[in-house]
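In case you want the letters, here they are:
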Amino acid sequence: MRKVLLPLVLFLAVVLLAALPVIGSRALVQDLFMVLCLLVLALNWNMLAGFAGLVSVGQQAFVGVGAYGMFACVILWGMDPLAGLLVGGLVAMALSVPVAFFTFRLNGAYFAIGTWAVADIARLGISQWKALGGGTGTALPKGAVQDMPGIQAIRALIGGSKAAAVDALTYWLALALVLAMLVASWLFLRSRMGLGLQAVRDNPVAARSVGVDPVRLKALVFLLTAFGTGLCGGLLFIQIGRISPDAAFSLLDWTAFVIFITVIGGIGTLPGPVIGVLVFYGLQRLLADYGTVYLIVLGLIGIAIMLFARRGLWGGFTQRTGLDPLPLSHAAPRPVTPTDP
Amino acid sequence: MIWLDTLIQGLMLGGLYALFAAGLSLVFGIMRLVNLAHGDLIVLGAYLILGIGTATGLNPFLAAALALPPMFALGWLLQTALLNRVLGEDILPPLLVTFGLSVVIQNALLMGFSADSRKLPVGPVEAQSLPLGPVNLGVMPLVTFVSAVAVIFGLNQLFYRTALGRAFRATSDDPVTAQLMGIRPDRVFAVATSIALVVATIAALYLGARANFDPATGPARLLYAFEAVIIGGLGSLWGTLAGGLVIGLAQAFGAALNPEWQILAGHLAFVAVLLVRPRGLFPRAND
Amino acid sequence: MSALLQLTALTAHYGDFQALFGVDLTLDAGQTLAIIGANGAGKTTLMRAITGIARVTGGSVVLDGQRLDRMAASDILRAGVAMVPEGRRLFPSLTVEENLRIGAYARQGGGFWTLPRIYDLFPVLRDRRNHPGTALSGGQQQMVAIGRALMSNPRVLLCDELSLGLAPVVIREIYAAFPAIRASGTAIVVVEQDIGQALKVADQVHCMMEGRITLSGAPASLGRAAIHDAYFGVRQA
Chain A
1 MRKVLLPLVL FLAVVLLAAL PVIGSRALVQ DLFMVLCLLV LALNWNMLAG
51 FAGLVSVGQQ AFVGVGAYGM FACVILWGMD PLAGLLVGGL VAMALSVPVA
101 FFTFRLNGAY FAIGTWAVAD IARLGISQWK ALGGGTGTAL PKGAVQDMPG
151 IQAIRALIGG SKAAAVDALT YWLALALVLA MLVASWLFLR SRMGLGLQAV
201 RDNPVAARSV GVDPVRLKAL VFLLTAFGTG LCGGLLFIQI GRISPDAAFS
251 LLDWTAFVIF ITVIGGIGTL PGPVIGVLVF YGLQRLLADY GTVYLIVLGL
301 IGIAIMLFAR RGLWGGFTQR TGLDPLPLSH AAPRPVTPTD P
Chain B
1 MIWLDTLIQG LMLGGLYALF AAGLSLVFGI MRLVNLAHGD LIVLGAYLIL
51 GIGTATGLNP FLAAALALPP MFALGWLLQT ALLNRVLGED ILPPLLVTFG
101 LSVVIQNALL MGFSADSRKL PVGPVEAQSL PLGPVNLGVM PLVTFVSAVA
151 VIFGLNQLFY RTALGRAFRA TSDDPVTAQL MGIRPDRVFA VATSIALVVA
201 TIAALYLGAR ANFDPATGPA RLLYAFEAVI IGGLGSLWGT LAGGLVIGLA
251 QAFGAALNPE WQILAGHLAF VAVLLVRPRG LFPRAND
Chain C
1 MSALLQLTAL TAHYGDFQAL FGVDLTLDAG QTLAIIGANG AGKTTLMRAI
51 TGIARVTGGS VVLDGQRLDR MAASDILRAG VAMVPEGRRL FPSLTVEENL
101 RIGAYARQGG GFWTLPRIYD LFPVLRDRRN HPGTALSGGQ QQMVAIGRAL
151 MSNPRVLLCD ELSLGLAPVV IREIYAAFPA IRASGTAIVV VEQDIGQALK
201 VADQVHCMME GRITLSGAPA SLGRAAIHDA YFGVRQA
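Protein chains in written order, with my numbering: chain A, 1 to 341; chain B, 1 to 287; chain C, 1 to 237.
Same shape as in the complex, but just chain A (with noise of 0.2 Å):
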């Protein structure tokens, strides 16, 4: 019964969630959009500091870059954001090459800070770029965004403006990029490497006595969740329409909410992520109109849950439970048991 009743209640989750932008209100797709690329950014988080043991406090750099390498192909080389969408990501993917090989000097904690220093050197770096803003910013056309492939189809589909139109097409690319992160999460934790990784941060010195090479299997998760970080931080932008250096690198938004939202829900859970973001979103409603008193609570109750419950409200519940309907590791084989007498 349970086997068949959870993949249907997410599959008409995923379903609804699909149907939104017709269905729903254009302030609503525009909220859940932002929260889709919220959970897009502690899945990568998540893989990052839950499973690789990579604390990254410098993800912005990866946001920032990849928004402002969309920004570069539409302004500078007239380029389809969607193409420019690909290009900022695999530009966020390229930095994290020589980031890694710094970042990856510094042990522990300190690590942390490389990454903090990186995203800093990044946003002051881009802010010298003067074609695009400098220091200020700039915004996409208005024609580019609302030109995209698609977009005609969409407001025959939804029936509103073209701004709408956009909104549900960044919409739809959030809910596939999550989608997509999710499942390749799944296959990636359970294949070879992502078990040797679970091994790694469990154990790091049995993990190599059987022969998993921890540096490397972390730098591919860095070079990875790099890709998937600069992806979400172009659509991001291409929604947002406007660039800034402050906003692009901002630490508050793309890495300080993302990792209250990873903790909250459960750090080194797939889950988790997941269930963060639907707290987080439903903390914002409720303190919408005190923004520091939201930020003080958040704050408290990442701390508390790291007092009180490491695992988060999912690891709490499948430990409270004993139930975990997305289990990571693999089946070990049922023991033969001779029955009690």
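What the hints contain is simulated information worked out from the structure, not anything from laboratory work.
The structure displayed is predicted, hence computed values, not measured ones.
All C-beta atoms in this analysis are idealised placements derived from N, C-alpha and C, irrespective of residue type, glycine included.
Hints may be right or wrong, so weigh each one.
Claimed, not checked - Rough simulated footprint, nothing fancy, chain B against chain C, three-plus residues with beta-carbon under 8 Å: (1) 50-57; (2) 65-74; (3) 83-96; (4) 100-112.
We have chain A; now place chains B and C onto it with these hints.
Leaving out everything else, chains B and C in the frame of chain A:
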């Protein structure tokens, strides 16, 4: 001549960064804790000095002296109530707890004091300078620099010449065996964090006297401070001073070339030093 | 004569693994006691349980009327039980003299053992007082570890595997300090795999196997054969 002036400015700025970094360096050296809230605690100290000064009419130097005991107590509370519970093999919980703390402090300050920038009124000394050969040396930067050297010297004496310092080093080496000596690691850590916050209060005084600050000032300063600690060599106090000077000099010379390059030059110096010396300038022998 | 240190039905765990199964032991004032047994017999866990480093899960440890088994390790040292841990465990950041001084960290008031007396006991350390502790030879490191434990002026000194990894001549040199330690009034427990030296200094011997004491008595009263059997787990009929 302008280069000599820049050199001196860089050294003075480096002294300030070393002050920001000294507490971090001490805490990291003893308990391997990276405190992401240190910058915000310095800003908190600056507001405390400002508050005491406003309430009593005392000048910021005396107000800072009055701020030392409450900051010491805050350090004790922070360590015993929060940080001691998350220290351990896993580096993630302490990082995330101090990260959360940083956000909480910043926004609590924002609620209490608004985003307006403030400054500590140190009076006429701010504008005074000493002629030093061809250049003029500001009195406040000089006092800052001398304080930084004095703080590092004092911490070094504490670390290497006292019973408490022996307990610090023993606990850092091997907390389990330290307990066999009658040392309570939790208390040693609490004392260390309290001392770090005393140093943070001194740093806060010079931060607030030198330039405007607001609730969001912490993180950027924290980043420079961390860079100083890392390139100095983890756990080496004199190394932290050297690291602060490197960042300060790089920023001063960067700014002399182009004001927009100040911060960037500091970061690039950080990267460059680590590429050449991955363990920093003065790494501890046994790490 | 009343017992100085009394263990009653002590059980302890090493992680999830139960390492001690109801150990009873009595140490009188001024007495030297040897605990021998093969690797994994539970000797080190016993030492760690007494000093508060291993988790005591049942039974009691009483020092002169005072329950130790729920106290923190640092308080147990204050109560008067010091340990020379297995593998010496000197502090690498501290010099020889600092290692000795930190032994007196929790000490209140005077006592027989002072820095000069430790240097009289192990004169070689005096010349090397400013070296890093870990720069010394294994035997000298062991001397520092013993001196460090004595600096707290303990009523009970626990020595875990003193001879591990040391040459016989060095082991003899270290055990030569025992009469002076006994004369200072300190009761001693030595844990050894190396039976020879332990039997020479001990008033009483206990053999351990699989977390239990399997044989006890004065060294003279126990035949070598019986000790041998208990050590290797051969049960007498």
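Hints versus structure:
1. 50-57: holds (count 3)
2. 65-74: holds (count 3)
3. 83-96: holds (count 7)
4. 100-112: Since 6 is at least three, the answer is holds.
When held up to the earlier numbered hints, the structure conflicts with none and fits them all.
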